[in-house]
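**Student:** Put together the whole structure using the sequences plus the hints.
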Amino acid sequence: MPKPLILIIDDDHMSNVFNSMIITKYYPQVQIHDTTGASEAINYLKSDTSDKPSLILLDLNMPVMNGWDFMEEYEKLNLGIEVVLVTSSSDIRDLSRAKDYNDIKHYLVKPISVKDLKEVMEVFYK
Amino acid sequence: MATKIHEIYSSIINAGLEENEALENKYRLISINKFCFFCILISSPYLLIFLAINMIAPYILILCAHILFALVVYLNHKRLYSSGKFLLLTTTALSVLFISLMLGFNSGFHLYLYTAPLFVFWLFDIKEVKNIVLAVVIYSIVYISVFIFKYYTVPFYQFDFRIIGLDMYSLNMGLNLVLLFLLFYNYSTYYKILSASLIQKQKHLESEINKRIESDDNTKKIFQELSKSYSSLEQFSFIVSHNMKSPLANIKGFLSLYDKEGVDIELNRKVIGYIENSTVSLDDTLSDLNYILRSQKKILDKREDILLKDLVNNIKISLATEIISSGIEVFEKYDEDLKLNSIRSILHSVFFNLVQNAIKFKRDNIKSTIIISVEQDSEQNIIKITDNGIGIDLQKNEDRIFNLYNRFNANIEGKGIGLYLVKNHLEMLGGTIEVASIINEGTVFSLKIKK
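Taken in sequence, the protein lines are chains A and B.
Going by the working numbering, the first residue of the first sequence is number 10, and it counts up by one from there.
Going by the working numbering, the first residue of the second sequence is number 503, and it counts up by one from there.
Quick caveat, the hints were computed from the structure, so don't treat them as lab data.
Yeah, the Cβ is synthetic: ideal placement off N, Cα and C, and Gly gets one too.
Some clues are possibly wrong.
[Said to hold, decoys possible] Cβ-to-Cβ under 8 Å is the rule here; a few derived chain A residues that face chain B: (1) I31; (2) P120; (3) I121; (4) D125.
**Tutor:** This is the structure in structure tokens:
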């Protein structure tokens, strides 16, 4: 069985570094692919050669194509991959929009804490 | 003493007066009260005379009339206006009847007392049709009674109109009727004038209302402007806090990964490096904030006449390195003597940002140009900065193109501050900015600045 893959989308490079670090520290079996642009992530998901991730961590506040724009494009692909929003606490007020998307099941506040991470991962890997 | 009498007098004539009553009704009420008061005052000496010559019947009649007149004022005082009016009507009518009977039918001069029906129109508004009809009926009864009293000597079936004859009495009666007709005619004319003045009043009111609505519109405008600047302020603070939280969250996160036991030296070295990076980005955000806030202060600089040519030259000098290395060419299409009355530092910042953007977003495989042109109308200068660069997808980004920290091209470095500042600065000057763009053809920014 191949390693489970997580796709991380965040324009802030440092955030991606941290998220990868904390995930691999507690779930070393997980493979991570990170991108700093939403359109890049869409291209990745579209391409046939790349492995399909089993989880997407998505930042909302991004330039050019923000998290919601990504969700619009993503829904067209009809992949059914579960999406977890990773947001700064100041974005929480527009989280109500998340209800419109079936694939968004969780959200995490930056920085991801070990406790929250375990909660999310348990759901996906039990 | 005199003031005391005046007090009593004014309390009588103002009996039942209400502050918010229409002016016309106020006059009507005061007239009625005055009339009653003077009737009592004028006929008071007769009371004494009749008493002195021992004529009891007229004495009692006058006393009754006094009481009735006083009752009218009392009813008005109790705000029973219509009862007061009717009492006055009947009292006057009956008084007229009795006086005419007492004086006999010789000359008929006293018939001028019958002008009393004038009260009908004096007491009531013409709209109170029922009351007027009732009053006219009362006066008709009085007239018919007088008529019967004069001619009752002849039995009804023997009545002949020739009996009436052309004596002084019937002549006066005829004159009297003409007078009444004239009065009525006069009143109806008065009513027409009144309604005309009412229409005028209504028009005045309408224009007043329109004025109010207009001033309401102004208030709305101010409110809209205020809420606009409030929401831009809110957006500003939201964005700044977001951009400060992000590196802070990273620092916090990396600290949680730091191995406090100091066993994993390799990890700790990496973590410290990342914390350092995040600290730098936090510092950058703070400097941006500081820069934006400082640039808001430029509004305090003095206004002056600025030669546009000079301004553009200064921009070209400031951006000389970029202009030369990018090979972009700047064309100026405006009058060399064109002056703008404005704040130099703000205009400099606006032009600097727009020209810098045009250089930054140029297309690689063509000859890049920037055209600065000016159109004028009576109120404003419209400055257009046109480039033939990569363009902006306005369909997607129109709403947020001037927002803070919004970027539209992932490949080209930028912070998303420039256009925010441009719009902000122009608004400080009372100007506006519009953008038109076609992807892979170019972008036009139109700055409208009041003369």
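**Student:** Now look at each hint and say whether the structure bears it out.
**Tutor:** Going through the hints against the structure:
| no. | hint | verdict |
| --- | --- | --- |
| 1 | I31 | holds, 6 Å |
| 2 | P120 | holds, 3 Å |
| 3 | I121 | holds, 7 Å |
| 4 | D125 | violated, 12 Å |
Going through the hint list in order, the structure does not satisfy hint 4, though it satisfies all others.
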